Amino acid sequence: AQSVTQLDSHVSVSEGTPVLLRCNYSSSYSPSLFWYVQHPNKGLQLLLKYTSAATLVKGINGFEAEFKKSETSFHLTKPSAHMSDAAEYFCVVSEGNTGFQKLVFGTGTRLLVSP
Amino acid sequence: SAVISQKPSRDICQRGTSLTIQCQVDSQVTMMFWYRQQPGQSLTLIATANQGSEATYESGFVIDKFPISRPNLTFSTLTVSNMSPEDSSIYLCSVDRGPYNEQFFGPGTRLTVL
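Going line by line, the protein sequences match chains A and B.
Counting in our numbering, the first sequence runs from 358 upward without gaps.
Counting in our numbering, the second sequence runs from 23 upward without gaps.
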């Protein structure tokens, strides 16, 4: 079965510094991988997705992630953090290679951004 | 993408009662999904609802506790039955709309059981 491990439950950065949120996955198939963001008291928003077209994936709000098969990683990065980036981030893998795909969520990383 | 609404947005309920949560999508979809997010936790899939058939439940979730209806291609309900404080969670519905099966989520229903 597919699974994801988010290596940090909390990450703290200063505004203007780089962001790195780490994610490792386990998959029996060629996986589809996603990053979702959840702002306080708001719903989940899709940040970006990897679907085997390109290993470096660009998402919304300046975020990007690189798929590294040899390391089974899909880390999320951003060159310069903004205060508005403070939120919970979920790394997600889809399970199933045909038909609909069930999403398996990581435990989440809370990003804290200080002035 | 998809525009998804949920009702109610939040509720406070008494132990032993039931609450039905509605999920409405702005266009027809085949699959709808219901998730639970317990306080401070990640999302767990409760069940998958396909129009015209019984919902498929994940391990640990049963139909008697979480009955689901899917009367048409734009609407679904989830009922949380005989509630206890342990059912206090955010319940989210989602739909599978993207070309790579990415899911889009509703805003969630925040349930508190006293």
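Please note that the accuracy of each hint is not assured.
[As the list claims (entries may be wrong)] Taking lysine-lysine and the DSSO-like style, the derived pairs with C-alpha atoms no more than 30 Å apart in a straight line are:
no.: 1; chain 1: A; residue 1: Lys415; chain 2: A; residue 2: Lys459
no.: 2; chain 1: B; residue 1: Lys29; chain 2: A; residue 2: Lys399
no.: 3; chain 1: A; residue 1: Lys399; chain 2: B; residue 2: Lys87
no.: 4; chain 1: A; residue 1: Lys415; chain 2: A; residue 2: Lys399
no.: 5; chain 1: B; residue 1: Lys87; chain 2: B; residue 2: Lys29
no.: 6; chain 1: B; residue 1: Lys87; chain 2: A; residue 2: Lys459
no.: 7; chain 1: A; residue 1: Lys415; chain 2: A; residue 2: Lys426
no.: 8; chain 1: A; residue 1: Lys425; chain 2: A; residue 2: Lys415
no.: 9; chain 1: A; residue 1: Lys459; chain 2: A; residue 2: Lys399
no.: 10; chain 1: A; residue 1: Lys459; chain 2: B; residue 2: Lys29
no.: 11; chain 1: A; residue 1: Lys459; chain 2: A; residue 2: Lys426
no.: 12; chain 1: A; residue 1: Lys425; chain 2: A; residue 2: Lys459
[What the hints assert, rightly or not] Under 10 Å between C-beta atoms, here's a sample of chain B residues computed to sit facing chain A:
no.: 13; residue: Ile34
no.: 14; residue: Gln44
no.: 15; residue: Pro61
no.: 16; residue: Ser64
no.: 17; residue: Tyr79
no.: 18; residue: Phe83
no.: 19; residue: Phe97
no.: 20; residue: Asp118
no.: 21; residue: Glu124
Keep in mind the hints are simulated off the structure, nothing from the lab.
Fair warning: this is a prediction, and the values are worked out from it, not measured in the lab.
Beta carbons: idealized from backbone N, C-alpha and C, even for Gly.
Checklist entry - Which numbered hints turn out to be false for this structure? => result Violated: hints 13, 14, 15, 17, 18, 19.
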